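*Asks:* If you want the building blocks of each chain, they are given just below.
Protein chains: 2
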Amino acid sequence: MNKKEFVEVLSKKTKLSKRNCELFLNEFKNCVLEVCGKGQSVAIRDFGKFTLTERKPRKFLNPQTKRFYIRPAKKVVAFKGYKNFAEFVR
Amino acid sequence: MNKKEFVEVLSKKTKLSKRNCELFLNEFKNCVLEVCGKGQSVAIRDFGKFTLTERKPRKFLNPQTKRFYIRPAKKVVAFKGYKNFAEFVR
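Listed in order, the protein sequences are those of chains A and B.
Counted the way my numbering counts, the first sequence spans residues 10 to 99.
Counted the way my numbering counts, the second sequence spans residues 10 to 99.
Just chain A, with the same shape it has in the complex (with noise of 0.2 Å):
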């Protein structure tokens, strides 16, 4: 489901128009972001946690030029869903 039909899905349980469902979804990926990027977590209770994790330096092989090549570390978003979440979805 792409963010489109998301937002379509988001718009019929919360009664507000697309827009504004649109805004706000731009905004909290905004907000997750810049939190994260500040070296805050978000916990969203009975949702999950968002922490920035960093992704080590990593050797890989290019199978054309038959080189190793360093992929640098990089720092992404991890996401880790809660207990009660796993039950909900069961």
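For chains that are exact copies, the list does not tell them apart, and a pair is met inside one copy or across any two.
Here are the computed lysine-lysine pairs in the BS3-like style, where the Cα-Cα straight-line distance is at most 30 Å: (1) K83 <-> K68; (2) K47 <-> K24; (3) K47 <-> K13; (4) K84 <-> K22; (5) K47 <-> K83; (6) K12 <-> K58; (7) K47 <-> K68; (8) K47 <-> K65; (9) K21 <-> K47; (10) K58 <-> K38; (11) K21 <-> K84; (12) K75 <-> K65; (13) K84 <-> K68; (14) K89 <-> K21; (15) K22 <-> K83; (16) K22 <-> K89; (17) K58 <-> K83.
Source of the hints: derived by calculation from the structure; they are not laboratory data.
Remember, it's a predicted structure, so these values are computed and weren't measured experimentally.
For this one, chain A is given, so just place chain B on it according to the hints.
*Replies:* Just chain B now, kept in the frame of chain A:
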């Protein structure tokens, strides 16, 4: 950062009331759970993708009773952040 604090951040960004922000956040949560529960994934561009994955059953030892127990398979929602996401927060 807990939900209450996050709602405040959202409220400032969207210029909507805290009440509305919290309502929206709750519905966002429910919608992701619902869509994932149906076996679909939720992909939000420039953010990430929520999918349902199964954790296999696993044996574990209780050191007090010295017995092995089996943790049954469970379904949890996994999130994968996109590349742009990573670049934003770097």
